[in-house]
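Student: Please model the complete structure; the sequences and the hints are all you need to start from.
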Amino acid sequence: MAEVPAQTLPARSLMAFTLASHIILVPLGVALPLITLIMHGYGLRRGDATALLLARRWSAVMAVQFAIGVVTGTVLSFEFGLLWPGLMGRWGDVFGIGFGVEAWAFFLESVLIAIYLYGWRRLPPRTHFLLGLPLPAVALLGAFGILAANSWMNTPRGFSLDAAGNPVDVRIWKAIFTPMFGPQYWHFVVAMLVTAGYVVAGVYAVGWLRGRRDRYHRLGFTVPFTVAAVFTPVQFVLGDAIARQVFQKQPVKFAAMEIVWETDTHVPEYLFGRLHPDGSISGGIRIPQLDSILAGFSPDTKVTGLTSVPASDRPTATQATIAHWAFDIMVGIGSVLALLALWYAVVWLRRRRLPASPWFYRCAAVAGVASVVAVECGWITTEVGRQPWIVYGNMRVAEAVTSTRAGSLWIMFGLIVLVYVLVFAAFLVVLLRMRTRWRLADTADGTAAEAPETDTPYGPRSAALAKGAPGTRGADDAPPGGGRP
Amino acid sequence: MITGVIAVVLLLAVAAYACAGGTDYGAGFWDLTAGGAERGKRPRWLIDHAMAPVWEVNNVWLIFVLVIMWTGFPRFFQQVFTAMWLPLALAAVGIVLRGAGFALRKAARRLAGRRLYGAAFAVSSLLTPFFFGAAVGGVASGRVSQGTEASADAWANPTSVLFGLLAVATTALLGAVFLASDARRFAAPDLEGYFRRRALGALAVVAVLAVITLIVTHGDAPHVWHGLTHGAGLVFVILAAVATAATAWSLIRRSGTWSRIASVGVVASAVVAWGLAQRPYLIPTSLTVAEGAGAETTLRWLGVVTLVSILLVFPAVALLYWLDTHGELESLTDADLRRGGAGDEG
Chain W
1 MAEVPAQTLP
11 ARSLMAFTLA
21 SHIILVPLGV
31 ALPLITLIMH
41 GYGLRRGDAT
51 ALLLARRWSA
61 VMAVQFAIGV
71 VTGTVLSFEF
81 GLLWPGLMGR
91 WGDVFGIGFG
101 VEAWAFFLES
111 VLIAIYLYGW
121 RRLPPRTHFL
131 LGLPLPAVAL
141 LGAFGILAAN
151 SWMNTPRGFS
161 LDAAGNPVDV
171 RIWKAIFTPM
181 FGPQYWHFVV
191 AMLVTAGYVV
201 AGVYAVGWLR
211 GRRDRYHRLG
221 FTVPFTVAAV
231 FTPVQFVLGD
241 AIARQVFQKQ
251 PVKFAAMEIV
261 WETDTHVPEY
271 LFGRLHPDGS
281 ISGGIRIPQL
291 DSILAGFSPD
301 TKVTGLTSVP
311 ASDRPTATQA
321 TIAHWAFDIM
331 VGIGSVLALL
341 ALWYAVVWLR
351 RRRLPASPWF
361 YRCAAVAGVA
371 SVVAVECGWI
381 TTEVGRQPWI
391 VYGNMRVAEA
401 VTSTRAGSLW
411 IMFGLIVLVY
421 VLVFAAFLVV
431 LLRMRTRWRL
441 ADTADGTAAE
451 APETDTPYGP
461 RSAALAKGAP
471 GTRGADDAPP
481 GGGRP
Chain Y
1 MITGVIAVVL
11 LLAVAAYACA
21 GGTDYGAGFW
31 DLTAGGAERG
41 KRPRWLIDHA
51 MAPVWEVNNV
61 WLIFVLVIMW
71 TGFPRFFQQV
81 FTAMWLPLAL
91 AAVGIVLRGA
101 GFALRKAARR
111 LAGRRLYGAA
121 FAVSSLLTPF
131 FFGAAVGGVA
141 SGRVSQGTEA
151 SADAWANPTS
161 VLFGLLAVAT
171 TALLGAVFLA
181 SDARRFAAPD
191 LEGYFRRRAL
201 GALAVVAVLA
211 VITLIVTHGD
221 APHVWHGLTH
231 GAGLVFVILA
241 AVATAATAWS
251 LIRRSGTWSR
261 IASVGVVASA
271 VVAWGLAQRP
281 YLIPTSLTVA
291 EGAGAETTLR
301 WLGVVTLVSI
311 LLVFPAVALL
321 YWLDTHGELE
331 SLTDADLRRG
341 GAGDEG
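Quick mapping for you: the protein sequence lines, in order, are chains W and Y. Last residue of the first sequence: number 485 in my numbering, and the count goes up by one each step with no gaps. Last residue of the second sequence: number 346 in my numbering, and the count goes up by one each step with no gaps.
Among the hints, a few may not be true.
Restraint ranges, calculated between C-beta atoms of paired labels, are given here [what the hints assert, rightly or not]:
| id | chain 1 | residue 1 | chain 2 | residue 2 | range |
| --- | --- | --- | --- | --- | --- |
| 1 | Y | Gly303 | W | Thr307 | 43 to 49 Å |
| 2 | Y | His230 | W | Phe424 | 48 to 54 Å |
| 3 | Y | His326 | W | Pro179 | 47 to 53 Å |
Partial pick of chain W residues on the chain Y-facing surface, computed with a CB cut under 8 Å [as the list claims (entries may be wrong)]:
| id | residue |
| --- | --- |
| 4 | Val75 |
| 5 | Gly81 |
| 6 | Pro85 |
| 7 | Met88 |
| 8 | Gly100 |
| 9 | Phe106 |
| 10 | Ser110 |
| 11 | Tyr118 |
| 12 | Val170 |
| 13 | Ile172 |
| 14 | Tyr392 |
| 15 | Ala398 |
Note that these hints are calculated values from the structure, not bench results. It should be emphasised that the depicted structure is a prediction, and the values quoted were computed from it without experimental measurement. All residues carry an ideal CB built from backbone N, CA and C; glycine is no exception.
Tutor: What follows is the structure, encoded as structure tokens:
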């Protein structure tokens, strides 16, 4: 493909890098508030100090994570213009409305999160909890906007083309609710819940393996793990449904995901393996007939192959192999996670307790990382499988790319990688240091009465402010000792 | 009709970002100039404390500006981001450094770490508004048009540089004004005086720069100059001048609330004046609002989305600012995070 401009590679690399980084933070942004609120609600209802302690600490993690997420998210919206001006210039008014919804939802989220994070001390417990309660709903609304835009790029509609090939006669509802929207949205939301649940539970699973088996660790493990385990089988069904939707709505993408070369019936399924430009496949495990069966429940199902469209309209052999591997890894991880959830469910239903085997906790500790990998793979599958289209069937990536010189883009790429590595390393260091501090606090003076409000999770602020303000008397505009019920 | 409404929404979003984000960047500016670790300790403490609950909200305004731009005026968005590639890319990098610096500084314990994050936060607080200002200046002087490639001329010219400096000066003004009244809220009278003096200094710089800018635009950006000196544009220029006088007066009279309102008035009127001066163009004199607008259906829906969100968002933002200014929002300390429960064995 000689007509691909030199800017495409750096632009695509930069976008891929920033999105792949941002997506690590998304599960925590979308689903951690929900998990924290479940813990918070449980703590309030039962008067459980341990649960409230966990909720408070998780909200501290949420604060750091959300701050980094705001930053990487802002960078992404800049990159739409800096890297893909052609996409935004021609199609911005067709699919941009999803971003409009997202932006407002995000705004609301940042307001509510600020109130929730900084409201622990001074707001009455019930008010504080109720003000946090809309957070999960707002996060879902934000995901709605982003997924509406992405699914539109996969199955664009809601417009007509004029003689010059420009979109006219925009129909917003059709452009938001495209055929891939439903499957993508639910698959994404559930993925976020599952991932956040396993990531948080994984932290406490490690603690469990290291011999910390107090109530704090048990509760910190059980609540997020249960959320994740409940949604894992749901995700299995949704994942299967979306694959079939791709088969129906984007057959060439499906062919890339399954490295199907010629259109045929009785198509075999390959686990991994590598597609070559001549259509041959090396390596991998071949299972006869299975692809047709999975796609249409019958070996007679006809599966469209990559060669059904000209070479310039489909992913290259390398791209197809990447999408295929990402797809297989995602499905593989999902299947193993489903088994883990089953293990948990069986023990719980029969014995009413957590599994005792250390292997269970080893698997649970790895599940967090594995589900993040699965999220990355799912995203690679959908983005690489769509190539060479930025707007499926309507605009190639090469047509959308900026005219800025490739050299400048590479420099920007290097700069962003450098900055992101520093930011994410610092993010990790901060989280680890928070953990260490808390652990030291728990072992050293867990029962010591340090603050005046030791007995209640909420209370007046006076003492701590004086500590935080070097050299002032730390007065406050609230009446002294103005505790709330 | 709807095109005009969305253009006004865009302008108001820019004004909101200039005020909210500006205050935020201004705090970074004063962080940068606060001096060494020991001397700057108390101002930095106030900056950290006052900004923490609201800085994310302040910066989300920028995302609106971008979204309204590409959804409502896609061609405008395309042209600006193509021609202003470098300043906008640098602004984006500045945003990363700044946000990360601010967020991570609080969590860093050692002085070296705090210094590094603090420096990243402070320097990028200066560069980001400058490059935004420079990009706006390039647009105002008509240096962006259909097919303009990324070039230094688009943003390295008298109007751009002045707009950039003006942006930095206004953030310094807003930052100092807000910090001065925060100092009162946090009962630190010495810091109130400290920031009030700086606010007055910044106000003087803003006024001088504004006059120079007006003179330079006469030759360099004639369309905008004409708009600023006639009709509705002139009204807002006068309003900005009156607000400047009011800010000075209320700073001298030590009225925290009034100086906040007046300083926001200065910035908002200046932004609105610039927007009105550009009429009927998005980019003088090559792209009109009507030409740059997206599909009418989209604009109508963008209006609906905006309306619904105003109904949802405004109460929430009002609540946040109310809670914040009434001292109801306090960050949890380590003591809070280790209280109770942790010791009980299950």
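Student: Hint numbers the structure violates, sorted upward?
Tutor: Violated hints (numbers, rising): 14 and 15; every other hint is consistent with the structure.
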